[in-house]
Amino acid sequence: LALSSDEAKKATLETGGGELPTDLVPAPQQQSPELAVDQEALWNKDPAHPMRDEIRQAFQSGMVLVALQKSLSVRAAEIREGLRQLGFAHDATTRTQELCNVAEGDLSGNGSRA
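No gaps in the numbering here: position 31 of the sequence shown is 31 in UniProt numbering, and each next residue is one more.
One thing to keep in mind: the hints can contain errors.
Lysine to any residue pairs mimicking SDA-like chemistry, simulated, CA-CA at most 25 Å apart [unchecked claim]:
1) Lys70 x Pro28
2) Lys9 x Pro21
3) Lys10 x Gly82
4) Lys10 x Pro28
5) Lys45 x Pro21
6) Lys9 x Ala27
7) Lys70 x Ala89
Beta-carbon label-pair distances, calculated as ranges [said to hold, decoys possible]:
8) Pro47 x Leu86: 35 to 43 Å
9) Thr22 x Pro50: 44 to 52 Å
10) Gln97 x Glu7: 20 to 28 Å
11) Gln29 x Thr96: 32 to 40 Å
12) Leu99 x Met63: 49 to 57 Å
Read the hints as simulated data drawn from the structure, not as lab findings.
Just so you know, even glycine gets a beta-carbon here, dropped at the ideal spot from N, CA and C.
Using the sequences and the hints given, assemble the complete structure.
Structure below.
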């Protein structure tokens, strides 16, 4: 499911800022390891250490994919944390409203006795 799905939002509000269920909101994914290759050599042709263009392009594509995966992992973690904060804020708002209702009831009860 998507982090922005209605089910994820519902689960967020139900947990009240607690740990989100991983069946509805995916857990953060481990980031891909760096490719063990000289990055400078990938982007600049070195006549002393020739590399076939196909291999260079494959490594470059791999590096781009690793960077993209890292970026997406960071964004997903930000969204997940945002959902937790939303759940906490919603829960705090609900509890505050309940306290206000109780206080108003006490005030109106005390006012009618006087």
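Each hint tested on the structure:
| no. | hint | in the structure |
| --- | --- | --- |
| 1 | Lys70 x Pro28 | holds (11 Å) |
| 2 | Lys9 x Pro21 | holds (11 Å) |
| 3 | Lys10 x Gly82 | holds (14 Å) |
| 4 | Lys10 x Pro28 | holds (19 Å) |
| 5 | Lys45 x Pro21 | violated (49 Å) |
| 6 | Lys9 x Ala27 | holds (15 Å) |
| 7 | Lys70 x Ala89 | violated (28 Å) |
| 8 | Pro47 x Leu86: 35 to 43 Å | violated (56 Å) |
| 9 | Thr22 x Pro50: 44 to 52 Å | holds (47 Å) |
| 10 | Gln97 x Glu7: 20 to 28 Å | holds (25 Å) |
| 11 | Gln29 x Thr96: 32 to 40 Å | holds (36 Å) |
| 12 | Leu99 x Met63: 49 to 57 Å | holds (54 Å) |
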